[in-house]
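J.: The residues making up each chain are set out below.
2 protein chains.
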Amino acid sequence: MATPARPTGIRGTGAQTRADAQRIALELFTTRGYEATSLREIAERLGVSKAALYYHFANKEDILRSLMAARGTEAGELLAWVRAELAGAGAPPRDLAERAVMRWVETVSVDKLRGIRFLLANPTLLRGEGSRAIGDGLEAAATLVAGPSPDPTRLLLIRMAFLSINAAVAAARGTALSDEQIVAAARESALALLVRLREPTA
Amino acid sequence: MATPARPTGIRGTGAQTRADAQRIALELFTTRGYEATSLREIAERLGVSKAALYYHFANKEDILRSLMAARGTEAGELLAWVRAELAGAGAPPRDLAERAVMRWVETVSVDKLRGIRFLLANPTLLRGEGSRAIGDGLEAAATLVAGPSPDPTRLLLIRMAFLSINAAVAAARGTALSDEQIVAAARESALALLVRLREPTA
Numbered sequence: 001m002a003t004p005a006r007p008t009g010i011r012g013t014g015a016q017t018r019a020d021a022q023r024i025a026l027e028l029f030t031t032r033g034y035e036a037t038s039l040r041e042i043a044e045r046l047g048v049s050k051a052a053l054y055y056h057f058a059n060k061e062d063i064l065r066s067l068m069a070a071r072g073t074e075a076g077e078l079l080a081w082v083r084a085e086l087a088g089a090g091a092p093p094r095d096l097a098e099r100a101v102m103r104w105v106e107t108v109s110v111d112k113l114r115g116i117r118f119l120l121a122n123p124t125l126l127r128g129e130g131s132r133a134i135g136d137g138l139e140a141a142a143t144l145v146a147g148p149s150p151d152p153t154r155l156l157l158i159r160m161a162f163l164s165i166n167a168a169v170a171a172a173r174g175t176a177l178s179d180e181q182i183v184a185a186a187r188e189s190a191l192a193l194l195v196r197l198r199e200p201t202a
Numbered sequence: 001m002a003t004p005a006r007p008t009g010i011r012g013t014g015a016q017t018r019a020d021a022q023r024i025a026l027e028l029f030t031t032r033g034y035e036a037t038s039l040r041e042i043a044e045r046l047g048v049s050k051a052a053l054y055y056h057f058a059n060k061e062d063i064l065r066s067l068m069a070a071r072g073t074e075a076g077e078l079l080a081w082v083r084a085e086l087a088g089a090g091a092p093p094r095d096l097a098e099r100a101v102m103r104w105v106e107t108v109s110v111d112k113l114r115g116i117r118f119l120l121a122n123p124t125l126l127r128g129e130g131s132r133a134i135g136d137g138l139e140a141a142a143t144l145v146a147g148p149s150p151d152p153t154r155l156l157l158i159r160m161a162f163l164s165i166n167a168a169v170a171a172a173r174g175t176a177l178s179d180e181q182i183v184a185a186a187r188e189s190a191l192a193l194l195v196r197l198r199e200p201t202a
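Heads up: the sequence lines are chains A and B, in that order. Going by this note's numbering, 146 is the number at position 146 of the first sequence; the sequence numbering is gapless. Going by this note's numbering, 133 is the number at position 133 of the second sequence; the sequence numbering is gapless.
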């Protein structure tokens with residue numbers, strides 16, 4: 001899902017406009033829905049002309065792709081980290097699952113949380129290319145840390161631990177909980193699953 | 001979301017046809033998608049005429065409603081059980097959250113699991129009336145067992161425990177895990193969260 005590179009040499013207000021456009025787009029995509037949001041509205045909320053926005057993004061899909069790519073990069077980095085930890089090791093180190101899950105969950109940025117909320121609010125995009133790249137990275141990481149021929153329940157629990165943030169965001173729907181409270185619950189949940197995974201019965 | 005009652009007095013093959021139609025519809029809705037499935041296909045797979053199927057269901061939406069109503073009834077029964085447990089008690093009994101969550105998770109029928117998988121495969125229906133009735137019942141149960149003014153993280157963890165099955169089904173996407181393995185992981189996950197909830201820090 002390689003996205004054609006956008007000009008990255010823009011400095012000052014240009015780079016800021018790009019980042020602001022992504023932030024505002026994500027917010028509108030989440031609250032109003034992706035389909036219902038137009039590039040014009042994003043430009044209006046941003047306080048720039050549509051032409052100025054076009055300089056950064058050819059269309060709405062282009063903004064979406066850039067957002068997905070950012071999350072996909074995070075998943076790719078996690079996978080690269082897991083691979084580096086495994087390099088040279090015969091079997092996965094005992095605490096690798098734990099460290100990998102917490103690495104993913106502890107680094108929940110506000111952007112990551114908003115990205116997940118956006119996908120839950122626009123579920124038809126869940127099967128899109130960008131979303132699949134994130135899922136594929138996480139799945140590969142889960143499979144690697146689970147080790148060879150893991151117990152199926154164990155593998156699924158590891159996957160669930162990685163997806164604690166998603167589960168927390170889904171469970172928080174309709175509540176007035178803050179992002180911080182949702183992240184706190186996601187961490188608690190991941191820790192709880194990891195404790196269970198440490199027990200020989202799980 | 002009261003569904004107009006269908007004739008329930010049908011006996012023998014009539015009642016069986018109705019149940020078979022629901023089962024086959026759910027299967028097709030999940031594997032092919034709700035939109036892509038027609039009443040004609042359901043009748044064909046069922047081996048009955050379209051007219052025979054019309055006797056039980058006016059249209060595809062009617063089958064969907066009947067499926068949602070069955071799950072909504074289960075959530076309503078859970079809520080009624082929680083209310084009965086609370087009746088007369090000043091504060092929620094200490095182990096109520098635990099018993100309520102396990103009551104919900106332990107009674108995962110194959111139908112319940114398939115219903116969740118169907119909703120995850122057809123996410124646009126997640127905001128439909130029938131789906132909301134299930135969610136509302138579960139949410140009310142979670143709020144009641146959490147007790148008055150619960151810690152927000154605690155409340156969210158209780159909601160997540162109730163939704164362990166949903167999280168397990170979501171995490172199992174793309175794997176070849178059996179329904180039994182998914183249910184086993186959901187129970188493990190619910191138990192892990194409940195252990196954490198028992199600790200004073202959570």
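Everything labelled a hint here was simulated from the structure, so no lab data went into it. No experiment lies behind these values; they were computed from the predicted model shown. Keep in mind that a hint or two might mislead.
[As the list claims (entries may be wrong)] Distance condition first, Cα-Cα at most 20 angstroms in a straight line; then the derived SDA-like pairs of lysine to any residue:
1) A/Lys60 / A/Gly47
2) B/Lys112 / A/Ala170
3) A/Lys112 / B/Ala170
J.: So which of the earlier hints does this model not fit?
T.: none
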